[in-house]
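Take these sequences, add in the hints, and give me the full structure.
Below are the chains, spelled out letter by letter.
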Amino acid sequence: MLKDITIGQYFPGESIIHRLDARFKIIFSVLAAVMLFTAQNFMGLGIAAVFIIMCYAASGIKFKMILKSLKPIVPLIIFTGVLNLFFIKGEEVLFEWWFITIYTDGAKTSAFMIVRIMTLITGMSLLTYTSSPIMLTDAIESLLSPLKKIRFPVHELAMMMMIALRFIPLLIEETDKIMMAQKARGANLDAKGLIKKAKALIPILIPLFISAFKRANELAMAMECRCYKGGEGRTRLRKLKCSAIDFLALGLILCVYGMIIANNIAFG
Amino acid sequence: MTMTAVKTKGLTYRYGVGTPFEIKAVDSVSLDIKKGNFIGIIGHTGSGKSTFIQHLNGLLKPTDGEIFINERNIWSKEVDIRSIRFEVGLVFQYSEHQLFEETVFKDIAFGPRNIGLSEEEVKARVYRAAEAMGVHENWLSRSPFDLSGGQKRRVALAGVIAMEPKILVLDEPAAGLDPYGRDKVLSKIKEYHESSGITILLVSHSMEDIVKYADKVIVMNKGGVFLYEETDKVFSHADEIVQIGLDVPQITRFARLLRQKGFNIGDDVYTVERAKARVLEVLKNGKYE
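Order-wise, the sequence lines are chains A and B.
Quick note on numbering: the first sequence equals residues 395 to 662 in the working numbering.
Quick note on numbering: the second sequence equals residues 4 to 292 in the working numbering.
Source of the hints: derived by calculation from the structure; they are not laboratory data.
Treat the hints with care, since some could be wrong.
[Unchecked claim] Examples of chain A residues toward chain B, derived with CB under 10 Å: (1) Gly484; (2) Glu486; (3) Lys502; (4) Ser504; (5) Ala505; (6) Ile572; (7) Ala575; (8) Ala578; (9) Arg579; (10) Gly580; (11) Asn582; (12) Ile596; (13) Pro597; (14) Ile598; (15) Leu599; (16) Ser605.
[Claimed, not checked] Beyond 10 Å from chain B on every Cβ pair, some chain A residues (computed): (17) Tyr450; (18) Met459; (19) Gln576.
[What the hints assert, rightly or not] Beta-carbon label-pair distances, calculated as ranges: (20) B:Glu25 to A:Trp492: 38 to 48 Å; (21) B:Glu233 to A:Ala614: 34 to 44 Å; (22) A:Asn611 to B:Glu140: 47 to 57 Å; (23) B:Met6 to A:Lys591: 38 to 48 Å; (24) B:Lys236 to A:Pro406: 45 to 55 Å; (25) A:Lys591 to B:Glu122: 46 to 56 Å; (26) A:Glu490 to B:Ile84: 51 to 61 Å; (27) B:Gly137 to A:Val468: 51 to 61 Å; (28) B:Ser144 to A:Lys593: 17 to 27 Å.
Since this is a predicted model, take the numbers as computed values, not measurements.
Ideal Cβ placement from N, Cα and C applies to all residues, glycine included.
In structure tokens form, the structure reads like this:
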């Protein structure tokens with residue numbers, strides 16, 4: 395059934411990575427990304443990759459989840475790989491056939507890029523695997539709060555994200571019900587062909603939209619009735635707290651960063 | 004002998020087979036429903052009634068057991084499951100949520116068009132169904148979203164009735180309506196049953212509604228059939244019904260209390276009229292016949 399699908403990819407847990415402050419985790423992810431782009435050779439990438447894998451081990455997330463996180467970007471990996479492989483020219487020819495010439499430099503860059511993208515995505519996925527969507531929204535709100543100074547609606551944005559997340563399961567359940575009702579009226583949802591398929595969706599999408607709008611209206615009304623007026627002066631149910639381990643983790647990640655820079659200087 | 008419209012043999016359904024969350028929603032239900040009957044189904048939330056009725060038109064496939072509609076096993080290879088959907092009309096709870104077309108006419112015509120009927124036949128059926136459900140002729144060209152809740156509900160019902168199914172299954176057709184809308188919907192259904200002679204299964208939380216309209220009552224509890232009796236005989240089991248936490252009509256409760264005080268007006272009292280007649284009888288003759 396539809397309602398069995400999971401939203402986001404959060405795996406609840408109690409590991410040290412789970413317990414890190416979500417704000418720090420976002421900063422770490424950004425740092426990790428920058429780190430990967432700082433690394434100039436395989437050695438540097440290797441250091442970063444080992445570090446990320448160690449984080450996975452500490453988080454208790456199964457290693458096969460790494461593969462799962464990489465699945466959606468396979469086309470991107472292939473595209474980058476092929477592009478770099480064929481279009482980077484060097485001196486040393488590795489392989490030649492008809493009009494295709496592959497240079498050693500091309501092969502090297504291609505492999506380098508692929509590893510870099512893979513490590514990047516693996517690292518980013520750890521963030522969403524170990525923090526719930528709600529935690530992330532709170533963290534984003536908190537991190538963006540300086541923007542309030544220039545009147546950027548940070549709280550409203552976060553609230554919108556939170557409401558959207560809250561409503562996804564409801565909408566899925568609703569879709570399920572509407573699908574059943576239309577099937578009972580003989581709707582052929584398994585129709586073949588693009589146009590027929592699109593047409594078969596109308597009896598499901600229209601009632602779904604109508605109920606979504608109705609719900610949104612009712613929610614807005616309910617919020618207004620309880621005098622909701624935005625972020626100013628509101629207290630929170632879940633307080634984000636940073637503790638010693640967050641700073642420890644920050645230290646650790648900066649050490650790894652240092653290693654990569656040192657490696658860059660030493661080996662070019 | 005009349006034929007059976009619905010027959011189930013050991014019908015069992017489990018949700019989430021193979022996961023730790025496996026739940027037996029329907030537990031070996033075996034019953035026969037005769038053609039032309041008006042059956043009331045009652046039970047708690049989670050008693051399996053909604054799951055059970057979704058089997059009747061093949062929306063759910065039983066984990067175990069068999070189901071026959073008009074004496075055909077609907078999951079045998081020769082049967083096209085979509086044809087079963089036209090034979091058994093299923094109206095879900097809050098059926099007005101299924102409306103989607105620009106006009107009431109088009110919405111009611113959705114089912115008949117899916118059958119692949121000619122345009123004249125579709126039109127004829129839409130008019131017949133609209134009439135049966137008390138959907139005004141001048142609503143037909145309006146948007147279904149401009150109607151009131153009770154009106155929408157009747158349009159949705161007409162949308163299923165327009166397929167002219169041989170068996171009509173209704174899941175709480177009156178839920179969430181005001182008393183007027185409630186009476187209107189239920190009495191239209193009863194009228195339709197009388198004029199068409201089809202088999203109707205009505206799921207409801209309200210024992211009062213069920214006994215008012217149904218000839219036979221199925222009481223479901225914990226996924227199984229707890230009771231399957233003629234409406235007249237159901238309340239001889241009033242104590243058991245109360246024990247599983249379901250309500251009996253107020254007047255039946257009253258009759259029970261009278262009986263406990265030694266004033267026996269019978270265990271098949273579920274309407275005020277009958278109670279009145281019985282009380283008068285007992286007062287006159289000292290007992291009822």
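Structure-based check of all given hints:
no.: 1; hint: Gly484; in the structure: 54 Å, violated
no.: 2; hint: Glu486; in the structure: 55 Å, violated
no.: 3; hint: Lys502; in the structure: 47 Å, violated
no.: 4; hint: Ser504; in the structure: 42 Å, violated
no.: 5; hint: Ala505; in the structure: 41 Å, violated
no.: 6; hint: Ile572; in the structure: 6 Å, holds
no.: 7; hint: Ala575; in the structure: 4 Å, holds
no.: 8; hint: Ala578; in the structure: 4 Å, holds
no.: 9; hint: Arg579; in the structure: 4 Å, holds
no.: 10; hint: Gly580; in the structure: 3 Å, holds
no.: 11; hint: Asn582; in the structure: 7 Å, holds
no.: 12; hint: Ile596; in the structure: 7 Å, holds
no.: 13; hint: Pro597; in the structure: 5 Å, holds
no.: 14; hint: Ile598; in the structure: 8 Å, holds
no.: 15; hint: Leu599; in the structure: 8 Å, holds
no.: 16; hint: Ser605; in the structure: 6 Å, holds
no.: 17; hint: Tyr450; in the structure: 25 Å, holds
no.: 18; hint: Met459; in the structure: 19 Å, holds
no.: 19; hint: Gln576; in the structure: 6 Å, violated
no.: 20; hint: B:Glu25 to A:Trp492: 38 to 48 Å; in the structure: 59 Å, violated
no.: 21; hint: B:Glu233 to A:Ala614: 34 to 44 Å; in the structure: 51 Å, violated
no.: 22; hint: A:Asn611 to B:Glu140: 47 to 57 Å; in the structure: 32 Å, violated
no.: 23; hint: B:Met6 to A:Lys591: 38 to 48 Å; in the structure: 39 Å, holds
no.: 24; hint: B:Lys236 to A:Pro406: 45 to 55 Å; in the structure: 52 Å, holds
no.: 25; hint: A:Lys591 to B:Glu122: 46 to 56 Å; in the structure: 24 Å, violated
no.: 26; hint: A:Glu490 to B:Ile84: 51 to 61 Å; in the structure: 59 Å, holds
no.: 27; hint: B:Gly137 to A:Val468: 51 to 61 Å; in the structure: 58 Å, holds
no.: 28; hint: B:Ser144 to A:Lys593: 17 to 27 Å; in the structure: 23 Å, holds
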